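Participant: Listed below are the residues making up each chain.
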Amino acid sequence: MSASKLVSLRDAIARVVPDGASVCMGTALEAAIPFAAGHEIIRQGKRDLTLIGPISDMLFDQLIGAGAAGRVIAAWVGNVSAGLGHNYRRATEQGEPHPLAVADHSNLTLSLALLAGSLGVPYIPTRSLLGSDIAATNHDFRAARDPWSGAPLLLVPALRPDVTIVHVQRADALGHCHAWGPLGVTREAALAAQRVLVVAEEIWPTGRILADPNLVLLPAFKVAAVVHEPWGAFPSPLQGYYGRDHASFAQYHAESGTFEGFRAWLDRWVLGPGDWPGFLGLLGPERLAGLRPRRRLPSEPLDYGV
Amino acid sequence: MSASKLVSLRDAIARVVPDGASVCMGTALEAAIPFAAGHEIIRQGKRDLTLIGPISDMLFDQLIGAGAAGRVIAAWVGNVSAGLGHNYRRATEQGEPHPLAVADHSNLTLSLALLAGSLGVPYIPTRSLLGSDIAATNHDFRAARDPWSGAPLLLVPALRPDVTIVHVQRADALGHCHAWGPLGVTREAALAAQRVLVVAEEIWPTGRILADPNLVLLPAFKVAAVVHEPWGAFPSPLQGYYGRDHASFAQYHAESGTFEGFRAWLDRWVLGPGDWPGFLGLLGPERLAGLRPRRRLPSEPLDYGV
Amino acid sequence: MTLGPTARELMVAAAAREIRDGERVFVGMRLPILAFALAQRTHAPAALGLFENGLVRAAPADLDGTLYTMSDPPNVAGALWSTTTANIMGLLEQGGVDLGFIGGAEVDRYGNLNTSYVGDPRQPRVKLPGSGGGADIACLSRRVVIIMPQARHRFVEQVGYRTSPGHGDGPGWRERVGLPGGGPATLITTLGVFRFDEQSKEAVLASYHPGQSVDTLRAATGWSVRVAPDVRETPVPTDAELALVRACDPQGVWTR
Amino acid sequence: MTLGPTARELMVAAAAREIRDGERVFVGMRLPILAFALAQRTHAPAALGLFENGLVRAAPADLDGTLYTMSDPPNVAGALWSTTTANIMGLLEQGGVDLGFIGGAEVDRYGNLNTSYVGDPRQPRVKLPGSGGGADIACLSRRVVIIMPQARHRFVEQVGYRTSPGHGDGPGWRERVGLPGGGPATLITTLGVFRFDEQSKEAVLASYHPGQSVDTLRAATGWSVRVAPDVRETPVPTDAELALVRACDPQGVWTR
Numbered sequence: 001m002s003a004s005k006l007v008s009l010r011d012a013i014a015r016v017v018p019d020g021a022s023v024c025m026g027t028a029l030e031a032a033i034p035f036a037a038g039h040e041i042i043r044q045g046k047r048d049l050t051l052i053g054p055i056s057d058m059l060f061d062q063l064i065g066a067g068a069a070g071r072v073i074a075a076w077v078g079n080v081s082a083g084l085g086h087n088y089r090r091a092t093e094q095g096e097p098h099p100l101a102v103a104d105h106s107n108l109t110l111s112l113a114l115l116a117g118s119l120g121v122p123y124i125p126t127r128s129l130l131g132s133d134i135a136a137t138n139h140d141f142r143a144a145r146d147p148w149s150g151a152p153l154l155l156v157p158a159l160r161p162d163v164t165i166v167h168v169q170r171a172d173a174l175g176h177c178h179a180w181g182p183l184g185v186t187r188e189a190a191l192a193a194q195r196v197l198v199v200a201e202e203i204w205p206t207g208r209i210l211a212d213p214n215l216v217l218l219p220a221f222k223v224a225a226v227v228h229e230p231w232g233a234f235p236s237p238l239q240g241y242y243g244r245d246h247a248s249f250a251q252y253h254a255e256s257g258t259f260e261g262f263r264a265w266l267d268r269w270v271l272g273p274g275d276w277p278g279f280l281g282l283l284g285p286e287r288l289a290g291l292r293p294r295r296r297l298p299s300e301p302l303d304y305g306v
Numbered sequence: 001m002s003a004s005k006l007v008s009l010r011d012a013i014a015r016v017v018p019d020g021a022s023v024c025m026g027t028a029l030e031a032a033i034p035f036a037a038g039h040e041i042i043r044q045g046k047r048d049l050t051l052i053g054p055i056s057d058m059l060f061d062q063l064i065g066a067g068a069a070g071r072v073i074a075a076w077v078g079n080v081s082a083g084l085g086h087n088y089r090r091a092t093e094q095g096e097p098h099p100l101a102v103a104d105h106s107n108l109t110l111s112l113a114l115l116a117g118s119l120g121v122p123y124i125p126t127r128s129l130l131g132s133d134i135a136a137t138n139h140d141f142r143a144a145r146d147p148w149s150g151a152p153l154l155l156v157p158a159l160r161p162d163v164t165i166v167h168v169q170r171a172d173a174l175g176h177c178h179a180w181g182p183l184g185v186t187r188e189a190a191l192a193a194q195r196v197l198v199v200a201e202e203i204w205p206t207g208r209i210l211a212d213p214n215l216v217l218l219p220a221f222k223v224a225a226v227v228h229e230p231w232g233a234f235p236s237p238l239q240g241y242y243g244r245d246h247a248s249f250a251q252y253h254a255e256s257g258t259f260e261g262f263r264a265w266l267d268r269w270v271l272g273p274g275d276w277p278g279f280l281g282l283l284g285p286e287r288l289a290g291l292r293p294r295r296r297l298p299s300e301p302l303d304y305g306v
Numbered sequence: 001m002t003l004g005p006t007a008r009e010l011m012v013a014a015a016a017r018e019i020r021d022g023e024r025v026f027v028g029m030r031l032p033i034l035a036f037a038l039a040q041r042t043h044a045p046a047a048l049g050l051f052e053n054g055l056v057r058a059a060p061a062d063l064d065g066t067l068y069t070m071s072d073p074p075n076v077a078g079a080l081w082s083t084t085t086a087n088i089m090g091l092l093e094q095g096g097v098d099l100g101f102i103g104g105a106e107v108d109r110y111g112n113l114n115t116s117y118v119g120d121p122r123q124p125r126v127k128l129p130g131s132g133g134g135a136d137i138a139c140l141s142r143r144v145v146i147i148m149p150q151a152r153h154r155f156v157e158q159v160g161y162r163t164s165p166g167h168g169d170g171p172g173w174r175e176r177v178g179l180p181g182g183g184p185a186t187l188i189t190t191l192g193v194f195r196f197d198e199q200s201k202e203a204v205l206a207s208y209h210p211g212q213s214v215d216t217l218r219a220a221t222g223w224s225v226r227v228a229p230d231v232r233e234t235p236v237p238t239d240a241e242l243a244l245v246r247a248c249d250p251q252g253v254w255t256r
Numbered sequence: 001m002t003l004g005p006t007a008r009e010l011m012v013a014a015a016a017r018e019i020r021d022g023e024r025v026f027v028g029m030r031l032p033i034l035a036f037a038l039a040q041r042t043h044a045p046a047a048l049g050l051f052e053n054g055l056v057r058a059a060p061a062d063l064d065g066t067l068y069t070m071s072d073p074p075n076v077a078g079a080l081w082s083t084t085t086a087n088i089m090g091l092l093e094q095g096g097v098d099l100g101f102i103g104g105a106e107v108d109r110y111g112n113l114n115t116s117y118v119g120d121p122r123q124p125r126v127k128l129p130g131s132g133g134g135a136d137i138a139c140l141s142r143r144v145v146i147i148m149p150q151a152r153h154r155f156v157e158q159v160g161y162r163t164s165p166g167h168g169d170g171p172g173w174r175e176r177v178g179l180p181g182g183g184p185a186t187l188i189t190t191l192g193v194f195r196f197d198e199q200s201k202e203a204v205l206a207s208y209h210p211g212q213s214v215d216t217l218r219a220a221t222g223w224s225v226r227v228a229p230d231v232r233e234t235p236v237p238t239d240a241e242l243a244l245v246r247a248c249d250p251q252g253v254w255t256r
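Chains as they are written, first to last, in my numbering: chain E, 1 to 306; chain B, 1 to 306; chain Y, 1 to 256; chain Z, 1 to 256.
Chain E extracted, bound-state conformation:
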């Protein structure tokens, strides 16, 4: 087997996310959003990224406000607690901090685009978005007819992100990882990607991960780097590890209402701390402890015996 891919988040982002890359994040919808990785992308001043993800709950808004994104391919960009994303609005309406190209999707079409990418096929047809203006204004789509029935179809072209970043419950140093809870487009996005950055809540020995090969998310040869970053999905929830910190979403929404307010938020919570443990230190241990599960709900083991 290959060598350890375990690196710091700083090194991982420096190496795996070049300027101009297409980066898929937030693949489990409102849960397991890789905020730690997103903040490090901002700290390293990455530019001209294409952000790909279904709904992105607040993370894309932060990256857009920080000037990291040139294009967004998404079904929804905002703040699930509060609705609109102020930076997304400023970028698209006023070009602040700079203009942003938007390719609108629905959750279904984004899922099919990544599924097509994971299968290595050029597109998948659907009847969703027929008659929707999304199909008219996102020129990546194509109208077609079902060659059997003649019925109208929309062809959704494959997406193959340069990088998919996932936050998972546990991984080994080689890149084998376990993720559970609703998966959204996580598996498709990981398999469609050219390379995957795995950020893990816990690092486990390989034998304990491979004791359940059915739960392994993707083959490790697709994994470019593994990062151990506890609480790395905060303030989004991670099943079995922590709940959602709703206050963070509300506070961000309130403080990012003006660009100056957003810059102050960014200085305080992202640029100031310098790294993720620094950010967690600002929150304080009690706030984090309050998000820990109160009950354990363990699953039954599977027997792979021979």
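Note that these hints are calculated values from the structure, not bench results. Every value quoted in this text rests on a predicted model; they were computed, and no experiment measured them. One or more hints might be untrue.
Claimed, not checked - Short, incomplete list of chain Z residues facing chain B, as computed with Cβ under 8 angstroms:
hint : residue
1    : SER71
2    : ALA77
3    : SER82
4    : GLU93
5    : SER116
6    : GLY130
7    : VAL177
8    : GLY178
9    : PRO180
The beta-carbon is built from N, C-alpha and C at its ideal position, and this holds for glycine as well.
Given the coordinates of chain E, work out where chains B, Y and Z should sit on it, guided by the hints.
Facilitator: Using the frame of chain E, we list chains B, Y and Z on its own:
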């Protein structure tokens, strides 16, 4: 929640598999093949079934010889230990016991057909089978061009089996079930089906199955019946429960070389015993015990805690 | 003494009544998640909730607070299935979802919704968050219920951008463009309830909430409102129903 | 004293030499599974095996007997990934598989394989089991190695049915029909080893097994055999290699 769907195999086959139905089986390739269900289909004298499956290792050959099948949609029909399937040859070459229509697939195209069915989309394109005579002689496929690049593509139309029969390690009485080991096309085939028959090695309380909702194979509302039939995949293997009984495959191949030989095999092993426990009784407990795993290899639990 | 229902609590109760027992319902978040919980605990105990993150649930989440998102851990624990968006959306495109709830920033008389752009999409005056799964639910559910706050500038003659198609420009439109689902059946607002007419496909006022009237509804709608001959006041939830709704939103995050 | 290698053991050793370290190999069953195990334990410890049932493995299965199928429990225990056929085939169609092994009942000089029908497909003289995953591997792997027993009636001028496309009718054919993979590189038989010429795409005899000669190979081939200028005897596996092969097939199920 709904009422128990637990019924005998006899009742399940009588109710869920009408004459003329399309039935998908053998979805995990060489493992977890629902032989118990197949034998019951034979005993009930079902006719004109369309058999759907990737490779079917011996089961389809038995159903064809018994006269249950009018059509086969498969990538491979035979006996993995021995190669050719004698009944498949007799039916296609000599129309014995009656003619059989064959729609050839590859494992990839069958997988895409069921995936398309599970997604509710009419087809998925691929570059596999371009230049293969399979694409020319199976008229279900259609040649096309990639509307973006102009490159040749093969369109694989969706398959929606009337019934998919799966053999799983454990299920509850409502139809929630856990399957592990290589899945082949199992999930796609279950989700693509109009209804699913779950045959389970063990019946567990609902709470213990739902303790791992990520491992649940499909939503229970798709499950028409649940059958408790231990050893129901014998002589194919079931991870954690039993290995493959290679001798059964070799013996079947030797004895089914003539149609008379096959009829004698059928009388002895399928029609004679009357039901699956009767069949297992013929084998004897020592033969079965010898297939049990010698080592347990349990996975690590997942915590769904809140 | 129980406080009387807020407009949003009335909406939740009205939405719950749209759910029939045994139905598979694409739930979404906010008010519909409360409506699903209410229906499940009253007349529709066999209803199933589907969530686009990959969840299927029967019983509503076991909570001691508010469910902010469908991915909050209490919504996962006790789920019947936890899977992928593609698998859930596959059930939707197969035609296996009876009812879907959606909302938007703008709606028109044919139930088309805009959740994308106000103004020219190339240079929008307001960039809204987008479809999420809303457009998929609108396109593919057998039946759609729209829930949104009512205001004249949001209830427009024709939406500027059709994110989630309703009945398009009227009868026959969905068939023409190839949409398989049945489209909007009901529009539940902060002021009343509209039902989409089977023939004309137009939203017809079926009831006004307590304190409202046909006139106040007309004043808050940007198209000329057709009124059902049997228009009446929206039924008020019982105290028991109200208690159930409030148990799911104890801080009133979504309903106050 | 070690018994000398059988023809099939020579094939396994030759097939193992086709696997480069670190490559992702679509393994299949029978002889290739033994070749993968041999390569993994000698010169290619970082090679990965992919199986169409949904498995990825590094180390060969831990066995005290023969692996009859890729789905036998020992091939699952210790796997790096256990997933679906679609996920594995997706890696293949993405171009992520370096090498695939296939076999068939008939082969021609361009490496096209027939595993479907002898005679008219509508009224076949012999119905063969079919493609399985063979045609997919032939179409989509970067490089293909064919392994099959050699006999004149199986090594034909042109296959009657092209299940798994090789180089079609010669140079440029794969590009013309749209196949992304590189097609057959090597044909390993019970009698010798052919390599497909980069220009002409024809199978050229590279080596004959001990006891064979160019003449015996010619006699057992249904097309006029081109012979490489440096044709030689196939290298015999070392005793250590033979011991490794025999450990994987102790009863000689596949190799005797």
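Participant: Of the numbered hints stated previously, which ones are contradicted by the structure, given in increasing order?
Facilitator: The structure breaks none of the hints.
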